[in-house]
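Using the sequences and the hints given, assemble the complete structure.
Number of protein chains: 2
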Amino acid sequence: MQKHTPPDLPPMKDLTTDNITDNVHTINSSCPDPRTKFLFERLVSHLHDFARETRLSIAEWEAAIKFLVDVGKISTDVRHEFILLSDVLGLSLLVDAIDHPKLPGSTEGTVLGPFHTQDAHHVDAGHHISRDPDGEPLLAVCTVKDTQGRPIPGVSVDVWETDSKGFYDVQYADRSSPDGRAILDSDSDGIVHFNAIVPVPYPIPHDGPVGQLLAKLKRHPYRPSHMHFMFKKEGYDRLITALYLRGDPYETSDAVFGVKESLVVNLSRAGDVEGLAEKYGVSPDTKLLQYDFVLNTVEEARKAREEASLQEIERQGGKLRLQDGLLIPK
Amino acid sequence: MQKHTPPDLPPMKDLTTDNITDNVHTINSSCPDPRTKFLFERLVSHLHDFARETRLSIAEWEAAIKFLVDVGKISTDVRHEFILLSDVLGLSLLVDAIDHPKLPGSTEGTVLGPFHTQDAHHVDAGHHISRDPDGEPLLAVCTVKDTQGRPIPGVSVDVWETDSKGFYDVQYADRSSPDGRAILDSDSDGIVHFNAIVPVPYPIPHDGPVGQLLAKLKRHPYRPSHMHFMFKKEGYDRLITALYLRGDPYETSDAVFGVKESLVVNLSRAGDVEGLAEKYGVSPDTKLLQYDFVLNTVEEARKAREEASLQEIERQGGKLRLQDGLLIPK
Numbered sequence: 001m002q003k004h005t006p007p008d009l010p011p012m013k014d015l016t017t018d019n020i021t022d023n024v025h026t027i028n029s030s031c032p033d034p035r036t037k038f039l040f041e042r043l044v045s046h047l048h049d050f051a052r053e054t055r056l057s058i059a060e061w062e063a064a065i066k067f068l069v070d071v072g073k074i075s076t077d078v079r080h081e082f083i084l085l086s087d088v089l090g091l092s093l094l095v096d097a098i099d100h101p102k103l104p105g106s107t108e109g110t111v112l113g114p115f116h117t118q119d120a121h122h123v124d125a126g127h128h129i130s131r132d133p134d135g136e137p138l139l140a141v142c143t144v145k146d147t148q149g150r151p152i153p154g155v156s157v158d159v160w161e162t163d164s165k166g167f168y169d170v171q172y173a174d175r176s177s178p179d180g181r182a183i184l185d186s187d188s189d190g191i192v193h194f195n196a197i198v199p200v201p202y203p204i205p206h207d208g209p210v211g212q213l214l215a216k217l218k219r220h221p222y223r224p225s226h227m228h229f230m231f232k233k234e235g236y237d238r239l240i241t242a243l244y245l246r247g248d249p250y251e252t253s254d255a256v257f258g259v260k261e262s263l264v265v266n267l268s269r270a271g272d273v274e275g276l277a278e279k280y281g282v283s284p285d286t287k288l289l290q291y292d293f294v295l296n297t298v299e300e301a302r303k304a305r306e307e308a309s310l311q312e313i314e315r316q317g318g319k320l321r322l323q324d325g326l327l328i329p330k
Numbered sequence: 001m002q003k004h005t006p007p008d009l010p011p012m013k014d015l016t017t018d019n020i021t022d023n024v025h026t027i028n029s030s031c032p033d034p035r036t037k038f039l040f041e042r043l044v045s046h047l048h049d050f051a052r053e054t055r056l057s058i059a060e061w062e063a064a065i066k067f068l069v070d071v072g073k074i075s076t077d078v079r080h081e082f083i084l085l086s087d088v089l090g091l092s093l094l095v096d097a098i099d100h101p102k103l104p105g106s107t108e109g110t111v112l113g114p115f116h117t118q119d120a121h122h123v124d125a126g127h128h129i130s131r132d133p134d135g136e137p138l139l140a141v142c143t144v145k146d147t148q149g150r151p152i153p154g155v156s157v158d159v160w161e162t163d164s165k166g167f168y169d170v171q172y173a174d175r176s177s178p179d180g181r182a183i184l185d186s187d188s189d190g191i192v193h194f195n196a197i198v199p200v201p202y203p204i205p206h207d208g209p210v211g212q213l214l215a216k217l218k219r220h221p222y223r224p225s226h227m228h229f230m231f232k233k234e235g236y237d238r239l240i241t242a243l244y245l246r247g248d249p250y251e252t253s254d255a256v257f258g259v260k261e262s263l264v265v266n267l268s269r270a271g272d273v274e275g276l277a278e279k280y281g282v283s284p285d286t287k288l289l290q291y292d293f294v295l296n297t298v299e300e301a302r303k304a305r306e307e308a309s310l311q312e313i314e315r316q317g318g319k320l321r322l323q324d325g326l327l328i329p330k
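Chains as they are written, first to last, in UniProt numbering: chain A, 1 to 330; chain B, 1 to 330.
No wet-lab data here; the hints were simulated from the structure. Treat the hints with care, since some could be wrong.
One copy or two, either will do: identical chains are not told apart, so a pair holds if it fits within one copy or between any two.
To be verified - Calculated cross-link-like contacts (lysine-lysine; reagent style DSS-like; alpha-carbon spacing at most 25 Å):
#, residue 1, residue 2
1, 66, 37
2, 330, 218
3, 218, 66
4, 216, 37
5, 216, 330
6, 216, 145
7, 232, 37
8, 232, 66
9, 145, 303
10, 37, 218
11, 287, 165
12, 233, 145
13, 279, 145
14, 165, 330
15, 145, 232
16, 330, 319
17, 145, 37
As structure tokens, then:
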């Protein structure tokens, strides 16, 4: 039998509810990467404190293990149940907000969600991104600018939404090609325009373990009507966000905590803006989505992240420091 | 489309790193079961504090999601990777210690581990539980008593160990029937005796995601030599424990934190005890395992659990109370 040399660490024995946590930290302390070591030190502390504070029972622990196995088992390349679990616990929104602190005046981010795909087609301005004949037509005319108010041309704008029944293309077993999604480029005036359908509220997939969890917590699985956007251009911080329709019944109780006031929009009609319907070739009563997106440069985002990190270091009494933009103990 | 009525809760919007936690608590507050609500309140608080304190990055969150999916994917009825994950983080030992506070003088519990099965055969005293011809023979002669020192007859004693190569029967793809495991009954003197092989150290399964995690943390995957025991009898608290061999190279660095000083034993030889080798029909140089197990009654265990709960209530400043033996907020 191959033998591993036991680590040169203080011996552990007689583990109790009081000393187990320090002993796990000790045995993890050989980890050569300071960030990984820090993450596990905090993770183990919180996990153990959770069990101690609640006096978690074996039966509850067993139920949690079974739940986690079920979440893993149902996961596929197109069904991301662990992301969904993170979403409904508010963790996804939190991590996004931590990693993308926004400067005043720039567009806020929100959850990516589990339905973004890598196979959306790159299309020309004005493209109809939805083939659903039952959707209510929507003209989107948006701008992409920097924090100085200057248009940014050539931004890759990834857009995705459900069909009129509230399902993304990937939720259909017979999906043959992308639908309700596309990638467009902003033009020389920073304008991105396309045709779509008016978003509708829809439930997150709730026929699996996460749906059962929501039911146990007496929570509804609905997301308010929204359209997803992802903006990418060299030199700019990638922005993942979404626009929400004002007045949606689920506007203030989103199952995945994605709504921010600055991202809630009123739809108007193409005819409301002089010459717009003619310019974009739609009827005047077509619903109109207008929004001015403002991107941060990579440098602006880096600075904002650093400032937020320094605030956290101060909050924790200066016992941490930054290494490669990540917090580690001093 | 079927609509769920949004809950009658304060509206949420503009979620930030500072208010997201309270908002998740608010949306979970409709949960009718106070214990579930309490568990999720503490879980979400710890999860969010972990992300805030470490300023968890999106890339790290993505790596964690992928890891959890992989842990779920590799799990089967005989490979319990999530239990293994809980084991190597010290959580299993902790939860067991919380749920089974021991009275002075009674036998301590330890981790169940992922290799217990439900199909072990019920055998007579003296049975050879291992078919491995390469194992070093071991005679086990143990007693099962109550905290007053009285023998307890008719206790179901579930025993399991690896073969001489460090593998449990369930780790062999061609396993046809249980091996290295059996269930025996204590006799009228509270004695349980059987033949087995001397336990050897072995690595926990480390060819999956948990093994990769241990490698990243620079931890070895070994458990010191041990034999598992589970004791069950109506009226007594179920005891899950194990005995460890003194002097094992991994005695003080067990990968799953199972070793307790009171469970470490010295093996002797059958010939060391007058008449024992003859009585049990083994050669005098056969290794001998002797141990006096002491069980708690259900009532003793309930009282010990309640006392520990009351201590935790006091530690948290009296804001909790007990309901059906579990902590909930007042």
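> Between residue 287 and residue 165, at a C-alpha cutoff of 25 Å, which is it: within one copy, between copies, both, or neither?
Replying inline: within (18 Å within a copy, 71 Å between copies)
>> Please sort residue 218 with residue 66 into within, between, both or neither, judging by C-alpha distance up to 25 Å.
In response: within (20 Å within a copy, 28 Å between copies)
> At most 25 Å between C-alpha atoms: does residue 232 with residue 66 qualify within a copy, between copies, both, or neither?
Replying inline: Only across copies: residue 232 and residue 66 sit 24 Å apart there, 39 Å inside one copy, limit 25 Å.
> 25 Å Cα cut-off: does residue 216 pair with residue 330 within a copy, between copies, both or neither?
Replying inline: between (43 Å within a copy, 21 Å between copies)
> What label fits residue 330 with residue 319 when the C-alpha limit is 25 Å: within, between, both, or neither?
Replying inline: This pair counts as within: shortest intra-copy Cα distance 6 Å, inter-copy 35 Å.
> How do residue 145 and residue 37 come out at 25 Å by Cα distance, when the copy is not named: within, between, both, or neither?
Replying inline: neither (40 Å within a copy, 44 Å between copies)
> How would you label the pair residue 216, residue 37 (within, between, both, or neither) given a Cα cut-off of 25 Å?
Replying inline: between (35 Å within a copy, 10 Å between copies)
> Should residue 232 paired with residue 37 be assigned to within, between, both, or neither, using CA atoms and 25 Å as the limit?
Replying inline: neither (32 Å within a copy, 40 Å between copies)
> When no copy is specified for residue 279 and residue 145, does a C-alpha distance of 25 Å or less occur within a copy, between copies, both, or neither?
Replying inline: For residue 279 and residue 145, the Cα distance is within 25 Å only inside one copy (22 Å; across copies 90 Å).
>> Within a copy, between copies, both or neither: which one fits residue 37 and residue 218 at a CA-CA cutoff of 25 Å?
In response: between (37 Å within a copy, 10 Å between copies)
>> My question is about residue 330 and residue 218: at a cut-off of 25 Å on alpha-carbon distance, are they close within one copy, between copies, both, or neither?
In response: Close across copies (21 Å), not inside one copy (44 Å); limit 25 Å.
> When no copy is specified for residue 145 and residue 303, does a C-alpha distance of 25 Å or less occur within a copy, between copies, both, or neither?
Replying inline: within (19 Å within a copy, 67 Å between copies)
Comparing the model with each numbered hint stated earlier shows that hints 6, 7, 14 and 17 do not hold.
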